[in-house]
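Protein sequence lines correspond, in order, to chains Z and P. Residue numbers for the first sequence follow the working numbering, beginning at 3 and rising by one. Residue numbers for the second sequence follow the working numbering, beginning at 14 and rising by one.
These are computed hints drawn from the structure, not numbers from a lab. Keep in mind it's a predicted model, so treat the numbers as computed, not measured. Heads up, a few of these hints could be off.
[Unchecked claim] Restraint-style ranges between C-beta atoms, simulated for each label pair:
{"no.": "1", "chain 1": "P", "residue 1": "S87", "chain 2": "Z", "residue 2": "A183", "range": "48 to 56 Å"}
{"no.": "2", "chain 1": "P", "residue 1": "P274", "chain 2": "Z", "residue 2": "P134", "range": "31 to 39 Å"}
{"no.": "3", "chain 1": "Z", "residue 1": "L97", "chain 2": "P", "residue 2": "L340", "range": "45 to 53 Å"}
Idealized CB from N, CA, C, for every residue including glycine.
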Amino acid sequence: MTTPLVLGVLAGAVLSGTSLLYATLGETIVERSGIVNLGLEGILLIGASVGFSVAAASGSAWLGLAAAAAAGGLGNLLFGWLVVTRKANQLASGLAMMFFGFGVSALVGAPYVGAVIVGLPKWRPSWLDGLPWVRSTTLFNYDLLTWLAVPVAILVWWALFRTRWGLGVRAVGESPAAAFAAGRNPAVLQYQALSSGGVLGGLAGAHLSLSLTLTWAEYMTAGRGFIAIALVIFSKWHPLRAIAGALLFGGAEALQLQLQARGSDISPFLLEMAPYLLTILVLLAWGGSRRLAAPASLGRTFYGSD
Amino acid sequence: MRNKLGFIIGFFVLVFCLAVKPAFADSPRLIIGAVYVGSVNDYGYNRSFHDALTQVARELPGVKLLEAENVPESTEAERVMEGLVQQGAKLIFPTSFGYSDSARKVAKRHRDVCFEYAGDGDTAKNFGVFFGSTQAAWYPMGVAAGKMTKSNKLGFVIGLPIGYALGNVNAFQMGARSVNPKAQTVVVVTGGWSDKAKEAGAANALLDQGCDVVGMHVDSPATIIQTVEARGGMSIGFQSIEARALAPKGWITGLGFTWAPFFKDVAISVMAGKFSAQAVYQGLGQMVAIAPFGASVPAEVQGLVNAAVTKVASGFNPFTGPLKNNLGNTVLPPGASVGADQMGNMNWYVDGVIGKVR
Numbered sequence: 003m004t005t006p007l008v009l010g011v012l013a014g015a016v017l018s019g020t021s022l023l024y025a026t027l028g029e030t031i032v033e034r035s036g037i038v039n040l041g042l043e044g045i046l047l048i049g050a051s052v053g054f055s056v057a058a059a060s061g062s063a064w065l066g067l068a069a070a071a072a073a074g075g076l077g078n079l080l081f082g083w084l085v086v087t088r089k090a091n092q093l094a095s096g097l098a099m100m101f102f103g104f105g106v107s108a109l110v111g112a113p114y115v116g117a118v119i120v121g122l123p124k125w126r127p128s129w130l131d132g133l134p135w136v137r138s139t140t141l142f143n144y145d146l147l148t149w150l151a152v153p154v155a156i157l158v159w160w161a162l163f164r165t166r167w168g169l170g171v172r173a174v175g176e177s178p179a180a181a182f183a184a185g186r187n188p189a190v191l192q193y194q195a196l197s198s199g200g201v202l203g204g205l206a207g208a209h210l211s212l213s214l215t216l217t218w219a220e221y222m223t224a225g226r227g228f229i230a231i232a233l234v235i236f237s238k239w240h241p242l243r244a245i246a247g248a249l250l251f252g253g254a255e256a257l258q259l260q261l262q263a264r265g266s267d268i269s270p271f272l273l274e275m276a277p278y279l280l281t282i283l284v285l286l287a288w289g290g291s292r293r294l295a296a297p298a299s300l301g302r303t304f305y306g307s308d
Numbered sequence: 014m015r016n017k018l019g020f021i022i023g024f025f026v027l028v029f030c031l032a033v034k035p036a037f038a039d040s041p042r043l044i045i046g047a048v049y050v051g052s053v054n055d056y057g058y059n060r061s062f063h064d065a066l067t068q069v070a071r072e073l074p075g076v077k078l079l080e081a082e083n084v085p086e087s088t089e090a091e092r093v094m095e096g097l098v099q100q101g102a103k104l105i106f107p108t109s110f111g112y113s114d115s116a117r118k119v120a121k122r123h124r125d126v127c128f129e130y131a132g133d134g135d136t137a138k139n140f141g142v143f144f145g146s147t148q149a150a151w152y153p154m155g156v157a158a159g160k161m162t163k164s165n166k167l168g169f170v171i172g173l174p175i176g177y178a179l180g181n182v183n184a185f186q187m188g189a190r191s192v193n194p195k196a197q198t199v200v201v202v203t204g205g206w207s208d209k210a211k212e213a214g215a216a217n218a219l220l221d222q223g224c225d226v227v228g229m230h231v232d233s234p235a236t237i238i239q240t241v242e243a244r245g246g247m248s249i250g251f252q253s254i255e256a257r258a259l260a261p262k263g264w265i266t267g268l269g270f271t272w273a274p275f276f277k278d279v280a281i282s283v284m285a286g287k288f289s290a291q292a293v294y295q296g297l298g299q300m301v302a303i304a305p306f307g308a309s310v311p312a313e314v315q316g317l318v319n320a321a322v323t324k325v326a327s328g329f330n331p332f333t334g335p336l337k338n339n340l341g342n343t344v345l346p347p348g349a350s351v352g353a354d355q356m357g358n359m360n361w362y363v364d365g366v367i368g369k370v371r
């Protein structure tokens, strides 16, 4: 009797976890380079809005996806210009970027509210269709973004921890002065981290509008950008742990909806709190750990090496 | 140089005259201001008001419509309404429930401007309240769902468990039970009127747990209807009857608001200087209409639904005792009933609804 519940929660966790994972991976790269982008929510909104608008105007969800990725990257480059080139305060700039994202996304999306689009196509391998439980849920019936979510997480891990570029990014995040002395250019690396993180953020937003909901509505991300920022801490700045984090948080949301759909006796208001309760518990449990601490120069502005 | 400056100034004066002249030329007899909480293209609540007011402006000569979309339910709404008054609006429609305080404040400051607020509460000399009573109208929707379902499990997504939403769910379940004794309605609360990703998740959860017909009470039905359609389920729409375009295969029928006749009467009374503020609540056949049936609905089912529509439109109130809630307690003794004006206080689910109020 609990099988449909477990399958339903799994299915829901994957669906709502996809955008969380892309957003978390993007923010992880950015924070590894020593920059906190509190404007992630805005980047997600820009991705969702630009993706939907382009898809509605052109009739192609793929074009929308490409435009969302580009818009996310550009948004983060603008943020980079503020905090890397102009050396503005990261927290204040991030919040400004968030409100900028609210406005831009509303403006871009306004003509396309209520437009009907054909979303990203979904595939399920035919041999999985035979399983009786699978067919009655959304399990394994995924669009490209969902199928690629875990491979992308592995790619980000490889890039950060197994390449010279990743070493440079992490070095800048720990100590830009040391990286500079070793012949790396902190500004260039931070711009690279920001643009790739922005692309992932744009894709995260696009998954919401182009696949999950097939609509654009103002502020439709409803705080998912901030959950992703919390997930970066939850996963301790590690792309592979982010997979588990995104599934867990996506699962918490799915669980409360599935429990209601099964007629559970638990109060919907209590269930509503579950994801946030989880965040607090994790921060409590791992908050002080030295080994899993943030990049040492996170949030600090590098003024150059004299 | 001076010549050039004079030329530029002259140019701007000319542009100004051209821009302003038409406004003087046909100054409207009545300017209507409308304030919406969302976008008018939402296939839902806001579109229903926009469609009705556009129709009024088209049908009544000399009526001009000023619209403000996406206005939050905060002091921002007060500012927007002040702006509409400054632009000459003499009749204002604050169309969201949360505009109550702002609208009442602005109405107190401008006694010469009439307000029609979509909600409840007190009326004042220049402040009328109105709303469509959808609850009883959901009864025929339940009849449709009860006949169309194969699993006997109906799903219902609501934003928040307020009395009006519970009333919709309850009438839906009673309608379904009237034609299908095995019918149950499963309720999922998303926690907000417009959280799209959660609405998609809620629709998926209902289908995962075996429901095959989904109804909803959220601002825009678009996400839920499209999610259900993509998975081969059936849906019953709400807010705007245009939502049927989103589900060519799974659409059964739906409810939409038809405000135009009431709005037209109000506009005429304001122009004649005879506005009288009242609390107007109208149901099926007046402010509420049912949408056309989907292609998959057999004639027999359509006949049953239409019979139920006639029954409700001629005064049948499903909320009449004896009624038990879904915990087995009697909530309405024989003969007692809940009228449309007390619907906001409803705090129980009727027998057969799977869900918890709080």
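For each hint, the structure was consulted:
no. : hint                        : in the structure
1   : P:S87 x Z:A183: 48 to 56 Å  : holds (52 Å)
2   : P:P274 x Z:P134: 31 to 39 Å : violated (52 Å)
3   : Z:L97 x P:L340: 45 to 53 Å  : holds (47 Å)
Violated hints amount to a single one, hint 2; each of the other numbered hints is respected by the structure.
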